[in-house]
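J.: Start from the sequences and build out the full structure, keeping to the hints where you can.
Number of protein chains: 2
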Amino acid sequence: VYAGATMQDASFGRSGTDALTPTVDELRHAVAVAAGRSPADLLLSGGRLLNVFSGLVEPVDVAVAGRLVAAVLPAGAAPFAALERVDLAGAHLAPGLIDGHVHIESSLVTPAAYARVVLPRGVVGIVNDPHEIANVAGVDGVRWWLACGDGLPFDLWTTAPSCVPSTQLETAGAELGVDEIRDLLAHPRVVGVAELMSFPGVVDGEAAQLAKVAVAEGAGKSVEGHAPGLTGRDLQAYLAAGIGSDHECTRLAEGVEKLAAGAFVMIREGSVTRDLDTLLPLVTPRHADRVGFVTDDRLPHDLLDEGAVDVLVRRAIAGGVDPVYAVRCASWNTARHYRLPRRGAVAPGFFADLLVVDDLARFRVQRVLKHGRWVAGAGATTAWAEAAIAAAAGAAERMPAAAALRGSVRLPDLEGSALAIAAPPAGRRVRVLRPLPGQVVTEALAVMPPLRDGEVVADPDRDLLKLACVHRHGRSAPGTGIGLGLVAGMGLRRGALASSVGHDHHNLMLVGADDASMRRAARRVAELGGGFVVDDGDGIVAELALPIAGLVSDAPIERVVADLAAVDAAVRALGGSGSDALMTLSFLGLAVIPALRVTDHGLVDVVAARLVGLEA
Amino acid sequence: VYAGATMQDASFGRSGTDALTPTVDELRHAVAVAAGRSPADLLLSGGRLLNVFSGLVEPVDVAVAGRLVAAVLPAGAAPFAALERVDLAGAHLAPGLIDGHVHIESSLVTPAAYARVVLPRGVVGIVNDPHEIANVAGVDGVRWWLACGDGLPFDLWTTAPSCVPSTQLETAGAELGVDEIRDLLAHPRVVGVAELMSFPGVVDGEAAQLAKVAVAEGAGKSVEGHAPGLTGRDLQAYLAAGIGSDHECTRLAEGVEKLAAGAFVMIREGSVTRDLDTLLPLVTPRHADRVGFVTDDRLPHDLLDEGAVDVLVRRAIAGGVDPVYAVRCASWNTARHYRLPRRGAVAPGFFADLLVVDDLARFRVQRVLKHGRWVAGAGATTAWAEAAIAAAAGAAERMPAAAALRGSVRLPDLEGSALAIAAPPAGRRVRVLRPLPGQVVTEALAVMPPLRDGEVVADPDRDLLKLACVHRHGRSAPGTGIGLGLVAGMGLRRGALASSVGHDHHNLMLVGADDASMRRAARRVAELGGGFVVDDGDGIVAELALPIAGLVSDAPIERVVADLAAVDAAVRALGGSGSDALMTLSFLGLAVIPALRVTDHGLVDVVAARLVGLEA
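So the protein sequences, as listed, match chains X and Y. For what it's worth, the working numbering labels the leading residue of the first sequence as 1007, then goes sequentially. For what it's worth, the working numbering labels the leading residue of the second sequence as 1007, then goes sequentially.
Simulated from the structure, these hints should not be mistaken for laboratory data.
So the derived list for chain X, only partly shown, Cβ under 8 Å to chain Y, looks like this:
1) R1034
2) S1060
3) A1076
4) V1208
5) R1239
6) A1243
7) R1296
For every residue, glycine included, the Cβ atom is placed at its ideal position computed from N, Cα and C.
T.: Rendered as structure tokens:
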């Protein structure tokens, strides 16, 4: 906790409010400060502003009035009375950063915990897509997630998840149709419809997909895109529907094509997919208004150690991009794309969300002002921000919906032969999933199965393990809801891993060398209300609790990172590849990416888009 | 009427609609055309597109589906089946032009007549501010004006007039308060609150002004600015309120300051105020997204002979601006500023509003496509567009509100001594207005008055004429509503001029050498329901009827221009300066610009902001 920043608290209360746009009283105060009738609440003098409008770096004084910037004038041009003065001594000023596309759930923490870790890095708001929460808990879950933003010194903009469930070959915790999306779009912090991942459906002209566009457009909000590799006529068809952006470009030519076709191109630098270096040539003055920076998915340790959307700004500058344009891509461009009111610039009438950057080349953020308050400095949140975040988190935790989200792992009976796989006729091969290293894609093998007592079993010597996807949302009929198969390449010599994170349906994913270990791990996940669990064959040896919807922790990110490290070590001790093994496991149920998957319905041949039997 | 363009009519009906955003059926059709499942309704091949996103000129084929662009692909990249094909043979393609700020009333015609004259110039939509109509007819008048856009092959975007009346020292036909503005903002074609002209009120923090901002923001719409010469802290205060633009810059430094402070700077080239040459250096790639082009006010003959917002594009190109950026300032930039859905670019999913330009250097518009239909070619509207405009105008004319607007000139009794000015005590000077040539400003003189029979009278030998402002909205008490005075510099040797256009209240403005001529001219204006009338001392010798609200003609612009020419000639024959005399007269009641004015309340000292007596 940064200690030096509670000076302004006494004066702030006058206009403190959680509203997304200023009140008339706030406007009157800002106008009076600019005109010189009232003292500024805070005067930042002698800074060098990265002006996203002029594209220039300008020496300025900035007068803050309540939550707003009242005036930005040439340094020394006008005397300002002020309740608090800070001499920036030539440091740079930049607008607070805004990340245009984030799945917070990938960082395994709540919005409050996320805000706490990214605010010191200069990130004052994000547009998040709670796709995972929606798959577990539907509209109620998304509403609670939105409520997690209430009172935070951080803008939790949200897009309405558009593709829940991802396929009909699984049973997620909920469905979101056009009516639910329309319902969510009425929330003032819901700024659009989230990435329309079913791009084949859009290109095919499916009425259900086009209706989502029409609903968003009727609400005056955006529809975001997701079209990896789409080109030519198919890309034109996708955009013709009215999709406004894409964040899945992995090649420069793809970025150029999408930008020219009118898409706002969001350059992504996540934990796994890293596109910045490839796409950086898109950021030139000629196109600079059509590019945004996003992180999409960041693992907890990357978020903590490396950073969030500030990583892209820093690396873009290092890559030779004019710092004003690098900052624009993570502020004004994104704010304008989503029509975020009075965000994304340091200018009169804008919310006073700004950064003091003492080393522009390295983009080292010294202090962060959010809505006119110091929320971070020297790499940590201020005491005030810490308290505000804790209060917001507490209020969210006390909501009835929070209790419901904690009971989200409801398993069927796994005793007896529930996890048993009957042997195929003698001499027949069976299908086996094999995840490709470092990718989300799997390949489908056909192997002679290890057999024992008329059952297919694991054989660690051949690196074959049993794999199960167990319905955990309480929505499957008795005797159904367990998909079984074999997986190769996971490396475990014994024991089992269990995860309540299982994309996108988030049923319980289980892998193991024996049924007893798998059952123990599954039971432990259920006891935790969700999480990652490692069983070494004799008992539970490591775990990360993810009690909220079985997806995210209720602890600070430092605790999550520490627990994950313990889980990693335990997995490695069993022969597996640490946390990669759990991430790999969480994607083995993703029935929209080739080739073979297991959902709670059974084995899925993704290319054929149908359930298949074990026998190859 | 351009003859060559009804080919597409047969296929158009499928998706013809007046909706501002596409229906799901229209989307499905566009997606199907792009993907190759359906033939395009129109294929434009071999054009060179001015791409407002990439900033480049690109050889392309454009497939149109109903009202929408379905696909824009590299020339020859994909075969398209099409119901109609046009080979552009290397001509340029540009998005249809959009003018960001227009008072149509200054052109003395209806929206339909305005559309008819500007469509062949490539202008497919405007953001108009019906400030004059609002002053005469309030919300009902604005609603009718909006209805004039229904069915037009032209986008009549509208901003809600923000300052009606302009002052409390006049009685206009109506008042528009915050409630009326909120009401208008609910209309889907009302895109914001119009120029907040009372910038001193904003800078002073007047609650009434700030409430207009809050209402617009609550509706997710913009608030436009009007702040001539405002700089420094006052400018910051004005923008701090949340004003998003300005179109009153007359100096480059003013434009630079406003742009850097976050205002969208609209460069204006009207009939009187011409700022383009001065401000053109603002249009560079570094700021090019923050500049728009507007005409504000264009006189009928300028609109007909010189053009509309196309004038700015043409002159910007001639001035050395990259044509793609010149076009952007009159299309995408403006569309994005106002959040006009799917307008301002030629790209998949955008409305098919585009221009074929056969000479880029001179920006000569060959053909114009609006919502997928050919609406103009070779300088004239197509037969289809002509019919559509006539139908829309007819429908507007049949609305009950239209009849009410035709009865808008209701004069008090002007017989007897109604126009008489009692002589001041002997030897006392009186106040005299003198308009400064070529400006809207007047100066206040103090002269010994011409007297006869105990009355102040005109004396053409001294170039002193009687001036009256007669309330004409039926809202003044009996015996009140006539302001009287003397004016110098109008040049008439005899007779009288009358105008029902009288900024901003639009009471009847009268100037003359004798009361009988003034009465005849006034009566004739009332008979016409509004207009400009010239009486030569013996009777009416020329007139332009402006029967709609006393502000605009119901005739085509060619007729208006011809009638104005006759009025000009008649005024010149009397010693005056032609149509300038009527324009000058129409501004003599503008009680917000120094120094001396006459309203229906009497003489106004604008600087002191109060009514004053005749005696100096």
